[in-house]
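Below, each chain spelled out in residue letters.
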Amino acid sequence: MSWPILAVILLVPLGGALVLLGLPASRPRMLRICLIAVTAATLGLSVVMLVYFLAVPPSSASRLTGSANGQSLSQVHSPVTFQFQEQISWLHTSQSLSRFHPAFNEGNNAFNQAGPPPVNFSFHLGVDGLAVWLIALAALLFLVGAVILSRKEERLKAFAVLMLLSEVGVIGVLTSLDLVLFYFFWEAALVPLYFLMIGWGDERRGRAALKFIIYTVAGSLFMLLAIIGVYFITGAQTGVYTFDVPTLIAAQSFVATTHNTTFSLFGHSFPALNPQDWLFLAFALAFAIKVPLVPFHSWLPEAYTSGKTPFLVFFAGIVSKLGAFGFIRYNLTLFPQASHLFQPLMMGLGVASILYGALAALAQRDTKRTVAYASISHLGFVVLGIFTLNIDGINGSIIQMVNHGIVIAALFICVGIFEARFATRSLRELGGLAKAMPVMAGVFLVVALAGLGMPLLNSFVGEFLILLGAFQVSPAWAVIASLGVILACWYMLRMYQGLTQGELRTPFGGDEPSVVAKAVGRIGRIDLGPVELVALAPLVALMVFIGVYPGPIIHYSRFSAAQYSQAVDRGTAASAAGHQVPAPTLEPGGRS
Amino acid sequence: MIAAGISIQLAAAPWLPLHFVPAGNLVGILPILIVGGGAVIVLLADLVVPRRGNLVLPVTAGIVLLGALGTAAGQWAVHAAHPIVFNGAYADDRFALFADFVILLTALAVVALSPGYLRRRGMEEGEYYTLLLASVTGMLVLTGALNLIVVFLGIELLSIPLYVLAGFARDEPLPQEAAMKYLLLGGFASGFLLYGMALIYGETGHTGLVAIHRVLTTTAVSQQFDPMLLAGIALLAVGLSFKVSAAPFQWWTPDVYQGSPAVVTTFMSVATKVAAFAVFLRLFSATLAPYRAEWEVPIAVVAIISMVFGNVVALAQTSVKRLLAYSGIAQAGYIMIGLAVGRPDGTQASLYYLAAYAFMNTGAFAVITILSRRGEDCDRYSQLSGLGRRQPFLAGLMSIFMLSLAGFPLTVGFFGKFFLFSAAIHDGQLALAIWGILTSAVSLFYYLRVILIMFSGATEPVSDEAPQVAGVSLDGAAIAAPDAAVAVGVSSGLVVLLAGAGTLVLGIFPALIYTLLQGITVVHG
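If you read the sequences in order, they're chains A and B.
Note that the numbering used here gives residue 52 to position 52 of the first sequence, counting from 1, and the numbers run on in steps of one.
Note that the numbering used here gives residue 302 to position 302 of the second sequence, counting from 1, and the numbers run on in steps of one.
Note that these hints are calculated values from the structure, not bench results.
Treat the hints with care, since some could be wrong.
As the list claims (entries may be wrong) - According to the in silico footprint, chain A covers these stretches of chain B (three or more CB under 8 Å from chain A):
{"id": "1", "segment": "409–416"}
{"id": "2", "segment": "422–428"}
{"id": "3", "segment": "443–455"}
Unchecked claim - Here are the simulated distance ranges between beta carbons:
{"id": "4", "chain 1": "B", "residue 1": "37", "chain 2": "A", "residue 2": "207", "range": "50 to 58 Å"}
{"id": "5", "chain 1": "A", "residue 1": "23", "chain 2": "B", "residue 2": "512", "range": "27 to 35 Å"}
{"id": "6", "chain 1": "A", "residue 1": "11", "chain 2": "B", "residue 2": "248", "range": "29 to 37 Å"}
Quick reminder that beta carbons are idealized off the backbone N, C-alpha and C, glycines included.
Build out the structure end to end from the sequences listed, making use of the hints.
See the structure below:
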């Protein structure tokens, strides 16, 4: 591709945010149209990127341009390939940094000679078969969020600007191929999200926002240490000091990860953790909080229930995927051996999330909280699939990430519509709404069925592949995880039935649809409005399309899944050999 | 080129008694001469110009500082091959010049903030600018000091005007307490420092840093356990830790920061810290490097205590100025990571963080200064409550400073912490990095709470506040209602704006400072 499409995709929402900043706040209609236009343009560009990506046969995309510090891993190839790469130097230092004066150097040479290695990071962008789908999903969900954002929303301008800034951050996380740049976007995206959380929502939003941000940042700070650790450990062992992701992935083949020492506990002897394992855990902590996996999930129900629907569409839809994305992109590739070591732990956490989320969802009477816990359960499947470490599981996870984004956004829109109409989210106060809003009930049925993994709808494809992958690791995992599917039927259908079937029941009383409609304040009908229909239509269409014809998305993410699975397999190869792989012949000076 | 031209001119001026000082020496300390001379000029001008509402003094002070800044930039550009002057007593190396830039820029910001603030608080005294410039002179002396005597000279010249400035609002009880506390504890710390210097002198026979270093590395002194020298080093460290307000030597900080007028606190919290850290870094990372094995662990422990104490106690604060004071203690702990690492990359990371700190902390205090009204400083959370609605621009800038202090990306604070942690990990001091990480997570809570209060108006964490009513205060002056928008003066607005812009731009392009730091050598020969 001759033009930097990824940079353009990042710059369009950023530019849009600046333009919106300049518009008068007193013109809400104009603001909303601009917001929709910018997000639509971003979606259009992502679709163009997707088409280009699909047009290039995966095999021919295997050119690696890992060239950091002027050193190229010429004989080594990253098992994961990236397309549309763009690289601009960000901070580049020569080998010699500040020195102490010779007068202070006598007899002290060792001190001064151990100068710092060069610092080097760059704006390096690129995508693979994992990121393209998530970028397209992100762009779609931001557009949907913009469409259902009401013109009458208070402080509309600030909301719109912050929304576009979040989009920049999210897409930045998905496109960055430099660890520092990745961390930069990862944290920077939190700032607009934080402001969106404290500015709009119910009265508990301040608490929810603080909890979310402290959880996430506490996790990410350990990842920051781990990023620096990867830099120095890889550098010390291979001589290549770089934050460049493709180069680091390639270099991991040569990082010693043998477990030399053991420690004993309760009469068993365990391998002591080596640095790679600690780094894995630090990355995993950050991602597990973001997903969230079960012991780290307690920020989620509050955050998901206090937010407004347009915010939740992209917050629940895409931000939680960033954690799963990080697991695949960074944990599997940078720490292949540790991934094998911690496979049972991570799969266990995945299964725990599936079951805990499902059971907690069952216990809720609040529709929004039900959806929030359902989200935890669904994301447990994604993590389970990732840590099967085989092609089917990872492939299923990639697809399930996209599916979950679509389904959870639609669920939040539906639940939000009920809440907006009847000012309650309680299942106890609502019922029989199919009589009053038949179209809504129909759409909600499709969405709920997609949420429980019905065949011919999208979630089935992903969950099936994930269970297939889990079965290959151990049938027990698959059996336990499939309990989650059964529970999903229970809570989803209970929510659907409770809301739409039976006697018409609303907080406003009345058993006639027209009476309810009048009470709600709408003449004649309270069913889906055109805007809501427009927002839900693409999501429902995608649910059906992916469910009926999953061929393209499976095919075009499978080669990436295979690459990631291959990257992890280096870990088993190294441990099977039982010793360190011979040091690489990294040739300095091979600039490209 | 510039320096050469100036030196010729100075040498050619027959009326200057220069025969005993080679002209190059005076060129080396030109920024000090300019600021010191400026202090005298302002003092004299104060006798002539009328007091109230006059901008002559601040403008003069500003011009003096700009002149010094220009001179320092010239020295940086010329980059003298042998930047040691006055027989090895003073260095105008790039290390010193970098610190000078930061100090002078901060002082300039403070001068720009002062007229409006002093007018609002009714403290328009001409001595203010004289004292400020005198203190800056002391700081500039300190950054390049290459002799223990000069270090002490700089510390005292820096501190004494600050004691007066701290109590500048002399009708109020809190500033008086602050000044007294600062004076007593400051004097105590100076005593520590002086005793430490004496012990080091007694053991090595030198006061010059280069000579001390030579003795420590070449003679047998370094080979054996030497309690006197170690005691000297320890006392030096204690005295300097007091000046940078690192825990457990920080007890004066919250009271002094809270009691002093907001502009003075701005100056004190940034410029003093930069100057004291400059000399701290030079003394320990360079001069006492042979004894690194001895001082490394204590310094690291002080860093950790500062980070933990500052961040944890800041959680419990209900006063904004005290919050920033404790945050300052924590920040001192972060900067000390670079000191404890000791290597060139540690020094570099500390300098980077000091520059970052100057931008974000000056900005934060500048907002407090702007919000301070007649009769009292803006010090309670309730005064920030709802600022996002009243003055979204000011609140937005304050948010940037808070996020930067918390170390979020897009702001300069992120790269500051990145380089510090990176240096610590490279040196194998993982404990420092992990404590830094843990305490950063804690710090989020109080930094973000400020943002939360500004934008959502939630004051529920703070409940023990007397309700403030609009009306008439004791001296008959009208107190504005707490929710009235504050008018922002041009110069103050410019300061906040530039600090905010700097925080963001340097946060996106870290190379702007980093490349400056790359050429730095700590003392040339």
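These are the hints, each one checked on the structure:
no., hint, result
1, 409–416, "holds (count 3)"
2, 422–428, "holds (count 4)"
3, 443–455, "holds (count 7)"
4, 37(B) x 207(A): 50 to 58 Å, "holds (56 Å)"
5, 23(A) x 512(B): 27 to 35 Å, "holds (31 Å)"
6, 11(A) x 248(B): 29 to 37 Å, "violated (49 Å)"
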